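For reference, the chains in residue letters:
There are 2 protein chains.
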Amino acid sequence: MNTPTHDSAFAPLQNDSFIRACLRQATDHTPVWLMRQAGRYLPEYRATRSKAGSFMGLATNTDFATEVTLQPLERYRLDAAILFSDILTVPDAMGLGLSFALGEGPKFARAVRDEAAVAKLAIPDMAKLRYVFDAVTSIRKALGGRVPLIGFSGSPWTLACYMVEGAGSDDYRLVKTMLYSRPDLLHRILQVNADAVALYLNTQIEAGAQAVMVFDSWGGVLADEAFQEFSLAYTARVLGQLKKEHQGARIPSIVFTKGGGPWLQEMGELDCDVLGLDWTVNLARARALVGQHKALQGNLDPNALFAPPPAIQTQVSKVLKGFGTPHRGDGTGPTHIFNLGHGISQYTPPENVACLVEAVHELSRKMRA
Amino acid sequence: MNTPTHDSAFAPLQNDSFIRACLRQATDHTPVWLMRQAGRYLPEYRATRSKAGSFMGLATNTDFATEVTLQPLERYRLDAAILFSDILTVPDAMGLGLSFALGEGPKFARAVRDEAAVAKLAIPDMAKLRYVFDAVTSIRKALGGRVPLIGFSGSPWTLACYMVEGAGSDDYRLVKTMLYSRPDLLHRILQVNADAVALYLNTQIEAGAQAVMVFDSWGGVLADEAFQEFSLAYTARVLGQLKKEHQGARIPSIVFTKGGGPWLQEMGELDCDVLGLDWTVNLARARALVGQHKALQGNLDPNALFAPPPAIQTQVSKVLKGFGTPHRGDGTGPTHIFNLGHGISQYTPPENVACLVEAVHELSRKMRA
Chain P
34 MNTPTHDSAF
44 APLQNDSFIR
54 ACLRQATDHT
64 PVWLMRQAGR
74 YLPEYRATRS
84 KAGSFMGLAT
94 NTDFATEVTL
104 QPLERYRLDA
114 AILFSDILTV
124 PDAMGLGLSF
134 ALGEGPKFAR
144 AVRDEAAVAK
154 LAIPDMAKLR
164 YVFDAVTSIR
174 KALGGRVPLI
184 GFSGSPWTLA
194 CYMVEGAGSD
204 DYRLVKTMLY
214 SRPDLLHRIL
224 QVNADAVALY
234 LNTQIEAGAQ
244 AVMVFDSWGG
254 VLADEAFQEF
264 SLAYTARVLG
274 QLKKEHQGAR
284 IPSIVFTKGG
294 GPWLQEMGEL
304 DCDVLGLDWT
314 VNLARARALV
324 GQHKALQGNL
334 DPNALFAPPP
344 AIQTQVSKVL
354 KGFGTPHRGD
364 GTGPTHIFNL
374 GHGISQYTPP
384 ENVACLVEAV
394 HELSRKMRA
Chain E
34 MNTPTHDSAF
44 APLQNDSFIR
54 ACLRQATDHT
64 PVWLMRQAGR
74 YLPEYRATRS
84 KAGSFMGLAT
94 NTDFATEVTL
104 QPLERYRLDA
114 AILFSDILTV
124 PDAMGLGLSF
134 ALGEGPKFAR
144 AVRDEAAVAK
154 LAIPDMAKLR
164 YVFDAVTSIR
174 KALGGRVPLI
184 GFSGSPWTLA
194 CYMVEGAGSD
204 DYRLVKTMLY
214 SRPDLLHRIL
224 QVNADAVALY
234 LNTQIEAGAQ
244 AVMVFDSWGG
254 VLADEAFQEF
264 SLAYTARVLG
274 QLKKEHQGAR
284 IPSIVFTKGG
294 GPWLQEMGEL
304 DCDVLGLDWT
314 VNLARARALV
324 GQHKALQGNL
334 DPNALFAPPP
344 AIQTQVSKVL
354 KGFGTPHRGD
364 GTGPTHIFNL
374 GHGISQYTPP
384 ENVACLVEAV
394 HELSRKMRA
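Line by line, the protein sequences give chains P and E. Under this note's numbering, the first residue of the first sequence carries the number 34, and numbering increases by one thereafter. Under this note's numbering, the first residue of the second sequence carries the number 34, and numbering increases by one thereafter.
So here's chain P without its partners, still in its complex pose:
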């Protein structure tokens, strides 16, 4: 396919605090965005989704995807936008048949469980993911430079979990049975996934994504050693192929492993700019373990958003202070990007998100004063 074309003169970035913090540069406040910020907790999202008919109907329609991506930015002074899409678009493009039954998680029509199914896997034609790249370009244009746009994908291991299980799982029995019984098959899946994810993210960058994030949602279910071999190594394989610059701009990369706390030291050696952390992680300890060469993103418990505003402010303050003294801003020390430790809950009262965003901005400005 042709590289998605776009007007190379996108509007200049007005609020670059997120990109600066990713690159460990000074900002006057701690930038904040929220995983799954465009989502079901917003009534306007539910309205658009109901027009679209289904989740994939929403994700594959450029106008709808643009509309929902921008919805939280209309309400809140967030410092970044994130592409509205799903982490499983790549295996869908491999021909596995992704669907979302109402009220349930993702399902694949064709799970990958035996030698024959694994042999058939290949890096998908990016033309099948054109709807994603079109959405990226459309959103970037619609943003008009207000804040940067983050592109993303599931990690090779997380994609493999769904591809082998055929759906979400409580125990990951099928994919782990493969891991312990036929590691050769799983390695082959992960190689294809890693190269496909790298191509996918690079094409998002060409289409206009200004940062990219790898969601290793299920890395934390692996045993020590298995995590390093089957998740981390393939995340590293993705990172090794990523464009670090596009049209003169640095493109920061973020890796988020839910439950990755036990492996912060190893993750500190990844060739990415930012590590995302879940709420179990002590930010000061993470800062010490990861070292000076990464920004950290996170890590408020999404359930803190069910508390009344004064309690939310207290929790925001704990996270900011947990990270500690704001960076010196000379690119040598770590910086902090505020986020939740996982996606926002669909039951979150929207007004509490406003309280969160304002608290991050206000308190982090005070900490710099």
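Because the hints were derived from the structure by calculation, they are not lab data. Quick caveat: nothing in here was measured; it's all calculated off a predicted structure. For each residue, glycine too, the CB sits at the ideal point set by N, CA and C. Heads up, a few of these hints could be off.
Label pairs and their calculated CB-CB ranges [said to hold, decoys possible]:
| no. | chain 1 | residue 1 | chain 2 | residue 2 | range |
| --- | --- | --- | --- | --- | --- |
| 1 | E | Ala160 | P | Phe88 | 38 to 46 Å |
| 2 | P | Pro76 | E | Ala149 | 27 to 35 Å |
| 3 | P | Glu137 | E | Pro216 | 29 to 37 Å |
| 4 | E | Glu137 | P | Leu135 | 15 to 23 Å |
| 5 | E | Glu384 | P | Gly128 | 31 to 39 Å |
| 6 | P | Gln379 | E | Asp61 | 53 to 61 Å |
| 7 | P | Gly177 | E | Pro216 | 39 to 47 Å |
| 8 | E | Glu278 | P | Ala150 | 57 to 65 Å |
| 9 | E | Pro342 | P | Asp217 | 40 to 48 Å |
Calculated from the model, a selection of chain E residues having no Cβ within reach of chain P, i.e. all distances over 12 Å [said to hold, decoys possible]:
| no. | residue |
| --- | --- |
| 10 | His62 |
| 11 | Ala144 |
| 12 | Val151 |
| 13 | Lys276 |
| 14 | Gly294 |
| 15 | Trp296 |
Every beta carbon over 12 Å from chain E, so not counted as near; a handful from chain P, in silico [unchecked claim]:
| no. | residue |
| --- | --- |
| 16 | Pro45 |
| 17 | Glu77 |
| 18 | Ser87 |
| 19 | Leu103 |
| 20 | Ala144 |
| 21 | Ala200 |
| 22 | Gln224 |
With chain P fixed as given, assemble chain E onto it according to the hints.
Here is chain E on its own, set in the frame of chain P:
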């Protein structure tokens, strides 16, 4: 109630390797037992359960509970038995109405969600848990000293999760809403739970339990700081009240927090003998963080039991070597108790468990040679 009576002359312990390892004393092999070793993966368990009619029918009948506790010991050379019961017996005795719908997890008829419900909570009359203590005494007699018997309870926080949610949960939204909005209510629940759990475990010890374990199954869902305040502090409150000796024998205590990897240092300061670890934890790192004053228990991924025997042996060897050189056995260094990192899966092929137990014994003997 009267303290459960038992013949104070229980048969002397023949295989004391588990107790010795708990107390950091030398053993000629690494002792092994498995969380949920009496369970659905065994056809003989399913047969007894079907006679009993329901899970609680099984747990509340002394003969059935004794029968299923001993079943895995007939098949495998396990080094300890664990009482067959449920982690939620204490809140059931508080009057919350525990039930297990077929194919689903536990449910409480009366969840504890408001000030009035919290105010009503009290340490239950131990007479309501007589079926547990009777089972302990019966099992201890039936064991005839072959291996020691472990008693157990859910941790105060884990009990609170179920009491507030009313059932299992994906996101712990209700209990965490209470945590962030009304920490005073949650603290009151946890105080009652801690004192009830301590009394419950002490009564199990009087009835014949030779070691006790606190299952903090849901500690790992808490944010850093919240874990310390709402889980660890109340586990410590339980430990502070536990009998450390009974009729001249030391009664070791074990604390297992699923997902507790981020807090190994803090857990190392608990006043217990053994820390249970899940499979995400690197045993060598845990040994370094926890220090010399605890034995470590764990931590094979239960899904490794779906692999063929040679792969199981490889994984067993990795865990044993991960822990490192066996202790010197002078009570000053850490010792290792082999276990899974969580309960055994109901889908486990029973013959693979035999392979696991034999591999632990054989390989750990070789490591000492």
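Hint numbers not upheld by this structure, sorted from lowest to highest: 1, 9, 14, 15
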